[in-house]
Amino acid sequence: MPSPELIDERFDEIVRQLRTLPGAPEAVRERVRELAAQEPEPEPRAPARWRTWLTFRSLGWTVASAGAGFVAVALAYGVITSGAGDDEPTLAPRAALAPLQATRTTNVGAESADAGATAAPPTSTATPGQAVAGRARDATTLPPGRRLAQHTASMRLRVSDVDELSRTTREAMRIARSLGGFVASVNYARPKGDDGDAFVTLRVPTVKIQEAIAQLSDLGVIVSQRIEIRDVQNQVNDVTAEIARLRRTIRRIETRLQQQISDDERFRLQLQLEQARANVRSLTDQRGRTVRRARLAVISVTLTTREGEQKAAPPPGRVERAARNAATVLAKELAGIVYVLIVLSPLVVLGAAALVATRAHRRRFDQRLLEQA
Amino acid sequence: VSTHPGTAAVERPAFAAVAERHLDTVYRYLLMLTKDRQLADDLTGDTFVKALRLWSRFDPRRASAATWLCQIARTIALDHFRAEDRRRKREDRYARAESAWDDRPFAEGLSPALEAGLRELSAAEREVIALRVVLELDGDTAARFLGISRTACSTRLSRALHKLEEKVRSHAVA
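Chains A and L, in that order, give the protein sequences. So in my numbering, spot 134 of the first sequence is number 134, and the numbers just go up one at a time. So in my numbering, spot 61 of the second sequence is number 61, and the numbers just go up one at a time.
It should be emphasised that the hints constitute simulated quantities derived from the structure, not laboratory data. Some hints could be false.
Stated by the list, open to error - Partial list, derived from the structure: chain L residues whose beta carbon lies under 10 Å from chain A:
#1 Phe15
#2 Tyr27
#3 Met32
#4 Lys35
#5 Phe48
#6 Ile72
#7 Arg74
#8 Ala77
#9 Ala107
#10 Leu114
#11 Val134
#12 Leu164
#13 Val173
Beta carbons: idealized from backbone N, C-alpha and C, even for Gly.
Please model the complete structure; the sequences and the hints are all you need to start from.
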């Protein structure tokens with residue numbers, strides 16, 4: 001129906017006349033009838049499938065499903081990678097060390113903190129052979145003490161004042177010596193003011209590292225602690241096997257040299273013999289260094305009086321780890337989506353602009369035609 | 001009556017019935033657009049030929065049959081105008097041809113003043129009058145048909161009617 005507000009009474013006569021415009025002439029009518037009668041009527045075709053799918057509702061469902069999928073993947077990843085059975089939030093340093101000694105390659109991210117590390121954690125001072133709960137129990141499947149491993153530990157301890165700093169630094173050095181180790185380096189720094197730091201690097205026999213850390217932990221409040229154990233047994237085994245192979249080669253060459261052979265071959269064998277002996281010497285030295293390093297653990301102790309130092313936060317529980325891992329994956333997924341959008345958006349915008357411009361141009365052209373006609 | 005396969009049942013009339021019902025609508029629309037009875041005859045025939053070819057695509061949920069047919073008629077008419085435009089530019093004889101059409105009656109039943117007034121309107125102005133007054137399409141449908149906003153459609157109709165009224169009045173006085 002026409003809008004009454006636009007077609008007011010003064011146009012009534014015009015409207016009346018226009019609505020009496022004649023219909024199609026009989027000749028046209030006949031032609032159209034013939035057309036409709038003669039031509040087979042095509043079957044109705046279903047609307048294009050994409051037209052059915054491409055609705056706001058389906059788009060919304062697609063986006064929601066994709067979002068739920070991303071979140072589900074992130075949660076699954078978080079749960080799978082969070083580990084199991086080690087919900088103990090604070091493994092005491094002494095307890096933590098026992099299983100770790102047997103771990104082939106372990107990076108124990110430290111973060112061990114006890115409210116009062118000065119009050120030493122009780123007593124799961126399991127000896128290396130003892131099993132401790134959870135993951136630790138699995139780690140003991142390797143016979144501790146029989147495999148070579150390089151132990152590296154770092155500790156950050158807070159002490160009350162500079163007098164205590166001086167005393168604890170001396171005490172740390174004494175602990176190393178008492179356990180059969182030595183002080184690799186010490187750096188005592190006390191700038192102007194009441195604060196001071198001491199950096200001590202100790203080498204103690206690996207078999208005494210547990211005891212060393214336990215004693216060092218008593219020197220102050222543990223701010224942070226990190227223990228890393230790297231298994232070098234395979235490396236030593238490989239080197240030993242290579243040395244044995246070279247020695248067999250040397251024996252074979254020596255046997256061959258005692259036989260009747262040409263000068264050329266003798267010269268070539270002698271070169272090979274020298275080379276093999278040099279390799280044996282080099283590998284033996286390398287193995288010796290590795291073994292020596294494995295026998296002496298490195299403990300870096302930082303003592304500080306600074307009040308700003310906070311106690312290390314307890315390690316997160318499994319749920320928190322799962323949530324953190326899931327959040328990390330989710331952030332990566334979002335970053336990927338944003339990246340794809342950033343890459344594609346200029347193309348989409350350009351395509352849409354071209355489409356709109358083409359349609360606008362066509363419409364303007366048609367309008368101009370109609371204005372002129 | 002048939003339905004779209006694979007979709008909810010939507011009644012679709014037969015093409016013959018649609019053609020019979022809306023033939024006059026299409027013809028009047030083309031007559032208003034072209035102001036030429038002979039041309040309107042030809043374009044009406046072309047419109048239904050094309051409509052039959054495209055009939056399988058007609059979806060009654062998206063537009064009424066009359067609107068769908070008039071869209072096809074508009075495309076046919078625009079194609080004709082484009083061809084005429086090219087021909088006029090090429091041969092520069094459009095003016096003579098147009099003056100020859102002017103001599104023929106526009107339509108029966110119209111007063112000479114109204115017919116003269118309509119001749120002086122542009123096709124765009126006649127089109128909006130055809131859609132809103134002759135075919136009695138509502139504002140939204142007409143606006144969608146023309147690809148413009150409803151406000152623009154109303155404005156265009158208002159201006160066209162005022163202009164037509166002025167022309168009719170001046171011709172009546174003359």
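* **Hint check against the structure, violated hint numbers in rising order** => Hints 6, 13 not satisfied by this model.
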